[in-house]
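**Student:** Protein chains in written order, with numbering that gives the first Met the number 0: chain G, 0 to 513; chain Z, 0 to 391; chain S, 0 to 367.
Take every hint as true, because none was put in to throw you off.
Straight-line C-alpha distance at most 25 Å; calculated SDA-like pairs for lysine to any residue: (1) Z:K264 <-> S:G174; (2) S:K13 <-> G:W482; (3) Z:K72 <-> G:P353; (4) Z:K353 <-> S:N250; (5) Z:K261 <-> S:W170; (6) S:K329 <-> Z:Q131; (7) Z:K344 <-> S:Y187; (8) S:K114 <-> Z:D20; (9) Z:K268 <-> S:R181; (10) S:K114 <-> Z:G184; (11) S:K114 <-> Z:E102; (12) Z:K344 <-> S:F184; (13) S:K216 <-> G:T499; (14) S:K9 <-> G:D215; (15) S:K9 <-> G:G480; (16) S:K13 <-> G:N477; (17) Z:K219 <-> S:S37; (18) S:K13 <-> G:H504; (19) S:K9 <-> G:W482; (20) S:K308 <-> G:G467; (21) Z:K105 <-> S:D119; (22) Z:K278 <-> S:G174; (23) Z:K344 <-> S:G174; (24) S:K216 <-> G:G480; (25) S:K308 <-> G:S248; (26) Z:K72 <-> G:A406; (27) Z:K353 <-> S:Y187; (28) Z:K272 <-> S:R181; (29) Z:K105 <-> G:S344; (30) S:K329 <-> Z:R129; (31) Z:K72 <-> G:G351; (32) Z:K173 <-> S:W170.
Keep in mind the hints are simulated off the structure, nothing from the lab.
Quick caveat, the model's predicted, so the values are computed rather than measured.
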Amino acid sequence: MRRSLFRRNKKKETNNNEENFSIKIFKNLDKNMGNLKKMLDEPNDLVIRKFTIHDSKHKCGVAYIDGMVDSDLVHNNIMKSVQLITGRKPLPEAESKLFEEIYQEILSVTSIKKGTTLDDISNAILGGSTIFYINGIDNVIIMDTQGGETRSIEEPITETVIRGSREGFVENLRTNIVLIRRYIRDPNLRFKTYQVGRRSKKSLVVSYMDGIINPDIVKEVNRRLETIDMDDAPESGYIEEWIEDSFLSPFPQILNTERPDKVAAAILEGKVAILLDGTPFVLIAPATLGNTLQSPEDYYERWTIGTLLRALRYLAAFIAVFLPALYIALVSFHQGMIPSDLAFSIAATREGVPFPAFVEAMLMAITMELLREAGTRLPTPIGQTIGIVGGLVIGEAAVSAGLVSPAMVIVIALNAIASFSLPSYSVAIAFRILLFGLMVAAAIFGLYGIILCYIMLNIHLVNLKSFGVPYTTPFAPNFLGDWNDLVLRAPVTAIKRRPTYMQTHDEKSVNKGD
Amino acid sequence: MNNRLLILLCCMIIMLSGCWDENDIEERGFVIGAAIDLAEDEQGKDSPTLTLTNQFVVPAGIGMPGGGGGEQKAFSNISGSGESLFGIIREMSTTVSRAPYFEHLKVIIISEEVARQPDLFGSIIDLFIRDQEMRREIKIVISEQNAQKVMKVEPEAEQLPIMYMNDVMDNTVKAGGLLEPVRMGDMHEYLLEESNYVIPRVYSLDNRIKFKGAGVFRGKSNRLVGNINDDESVGLNLITNSTEGGFIKFEINNKLMIYELKKTKNTIKIDTKDQDNIKIDITIDTEGNIGEMYGERSLLEKDFLREIEQKVNEKIELLANNVIKKGQEELQLDFFGFSDILKQKHYETWNEVKDNWDQGDNIFAKSTINVTADSIIRTTGASDRVKDQGSE
Amino acid sequence: MKSFKYADEKISEKEILIAIPSMVIGVGILTLPKDLASAVMAADGWIPLLAGGFIAVLMTWMVAKFASGFANQTFLTYASSIATKPVAIVLTFVFAVLFLLITAFQVRQIAAISKQYIFDRTPLEVIALTFLLVVVYAVSGSRAGLFRLNMMFFPIILFIAFSVFIFNLGWSDLGNLLPVFRTGFTDYLKGLNTGITSYLGFSILWFYIALVDQPKKAPKMAALGMCIPVGLYIMLYILCIGVFGREVTANLLYPTVELAKVVDIPGGFFERFESVFFVIWIMAIFNTASMALDVAVLAINSIFERLKKLKILLILSPVVYAVSMFPQDKVDVDSFGSMMSHSMFFYTIFVIVLLIVLAKMRGVKRDE
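Same shape as in the complex, but just chain G (with noise of 0.2 Å):
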């Protein structure tokens, strides 16, 4: 039902602009020249080099952007080879076998194919290939020669471990590509090529292992990629927002990461990674509501420290969700259930507070917010200076002027802390939406809103789906087979199949060979 939205704008074939650029490429050199220039415009980093081979008989042309190429590559391997080359050997008179022979044996460019409409160049050419014409024949040979500046393999930023890889995707898709093809040496391994964007002509890349997935994942995929119709997709979260199951949920129902093994550790688990060009943030679907509270970490520390850690993460994932809206209900309406000693003393430190709990917590939490929005704009030493004073002057600040009481101080910090203990930002934020929903819960009818809200909470998650899989799942549906990695991280060699959620083909993980 939610999909159909996207449905309704599926492809629409007609297009007027392009139909310009379908038309053929001609024989006569000049006009093909001019016909590229006239269509990108003549702009200045368009480099078109004309040249002539075999004694001056046969006019030729080179033509990429500069910048977009390797230009070492041009330079050696084209422009050398033909030239030099073509003045040794003899070559064929006939325009056809001398295009054939180039082609085949002269230009030394791995990567090379033809083409034979504008539409093939102008979209080569832009992706930073090398156009190679020769006069008098309506074809092009098209030269893989992409390169240029792009940033190095660097440690990623927003998902720091400790004990772990240090590599993490770039901008560029290639060299993505690679990174998991180190992690994953299979010749199972897949990638498909879809290309999105009306206008930006990106190419996204679809991993997965045959032989594990489950086939229907992949169609589902498939399916839901092909519905993208939009100019551009700048970052991986168009893709995600255009494809997940509910855009109204607060949930990540597809995780992104930045990390090349936490990619392949999702490809082994029948998972797909979806690569985009031009931003080192790969999705990975289906999630699940226990995938967002994980870490690669988890599994590379030894098992006893993994589980601590997932379970401390869960009791982030509480506090996070559940602590300030239970220190209204507690204090607002339920005195009692604080132990005497603590609700006298609560009660001496919010003796003078204006506001009543809501209020005080509601402004607590929103210049919480601003400081962490802050925060991350600002440059890394500035961002700091803000955390510093944000943290200690305003709350000691606020404290003094008798705006809040320090237990709610205490209660706003921990809870932003444990908030941003989690693994994953987005999951991180999507919890502090729900934070204010049930604050506001709280405030009206304490324990009681508290509790309705879990259960709607509960009744969204499991009606949630992604991409087929329930979110809530091992929970419900149950599968405690795979509860052995979801709380408590078993170690290695108890780990033997693969999550059953996933219904995955090839079950077994581990030890194969009893």
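Use these hints to put chains Z and S onto chain G, whose structure you have.
**Tutor:** Chains Z and S alone, transformed into the frame defined by chain G:
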């Protein structure tokens, strides 16, 4: 889409409804103790007028660690009089800035005067069981003097008299072997089952609170009928098997010795063959160690230990017999729980005797009760002797 | 290759195992010890509870067995093949009404108990309304979602029940359990009446078996599931008697909640465990209410196939609300509850007997 609409609808209705029960913690007047006395002037009326004194916590007086406090008292006692406690509380709410809030009520002190009134005690308790704010752990004590007075003591180490009293009560039970306080939950049981009960008595001394003995109540009329002293309460504890600690003081060779109780266990056997002379056999097994001795004999001699154990037994039997004697002869009331045992284990007999157990014919007073004690000294402390036996 | 299980709305047998106790455990247990203790002596209540439980398990098994003979058929379909269409429609309709009554009763009780334990001034109507809205939200979602909710909440409910049990062990006095076997025969019958009506709810099987993936396994699982509340009820009842004694139990309004009141959490994190206990118990009541409403919707839907599920739900929920607000005071609510559970019980027996006898007489084949 419809699910979402429903959530929205849900949220909106909730939002529109507002908050009825919200009441911030600093607006609550925490009552931690309540004292009930007879109002002085109007005695002799048909329905007695009561005075209820509530001890409120003044949070500002407790103060934050490091910051101020101290100048202000941490509590305030506010009294009101009237015929119904509920009415008094409601009236009190109109005179104080923070409405009384009873969820942290710890102790109720009832003066002996009130307890001696016919049919009053049970009715007082009613409010404290019926009201939702009350807990089942509220402790009930009887005050020898005016109950208000007990709440006015100003202990040195504690800020709140009731909290102080609460702690003292625990210590009294553990260290002194005195009676455990009666909780509201137990009280509910006593009232419904019409069993007899004992409630510890308290009195105030300058700025201290002391527990002394207990008041014995007749279950049928819920009226205080007599008192037992400290020794008798130790004896009672030994019989009802509710000793949590305490000690037995006795003399051996004219030298004082203290036997510290560590563990007690007793068995009560009731022989109902002859209904006019029911035989009750109580065996009290105790374990403990020597806490203090004034003599110089070595405790490592087996004979001496036997002798000590013998003395301990005699003392325990004496304590138990004294309180039984008081129950059978003076008060003619079974506050030992024998009736419960009869009911539980000899149901037929109980059905026959229940109307004449400790009233009417008073079979209880005529029954024969035997107490046998069996004590074991487990350890003698860190040192056998502390003083030398002296030159011989 | 295995099919992709999730896409369809089938119920696994594990979910039936959980659904039965989730349905049975609701507000009933909160008052059960009181009703039972006023009927029988001391701890003897376990006998009617066990006997009632045995009957309930047997009936559960029979219903499940009978219904599973008609795999993938709705109650209406197989009932009409056995007892003609008009009769089947009437049978279904009465079931729908009874389940609506159950929902209304749960809604009313939750409001009443909330008012007792967590609210003071909040109006009953608002408490009931918000709860009903949450129930409606749940029912408007997928049916499989409801079963998953059972799965999510049931362990929590069991956990809280066991923690009440464990924390209370120290307070209970074995003497309170005596004397044993002193209850008269008629009193036992009275107790049995209370005991058996507390196990109602297995009638959902009439309707849900049609959705079960492997109906062959369902009867065993359903009967097994029914054993859980039997065990839980006996445990809580004996605990109540042990802690309070019979007299007090018989006089407390909600003895099971009061049990939690006695608990002193070690560590002293929070006090007043009964609020926590009741708040968690709301989940159990929610499960009962949402499943009852869902079955009512399912039943009505099978009669009026044209109507959409959501429409039916929106028509029914105001009715539920109105019915739940109908009783004036506690006494009315109690008699409403006992009326409801008795009619549910006798109606279920009636339907079992009717269908079995008719099926035998008319020789309707069940696919064994």
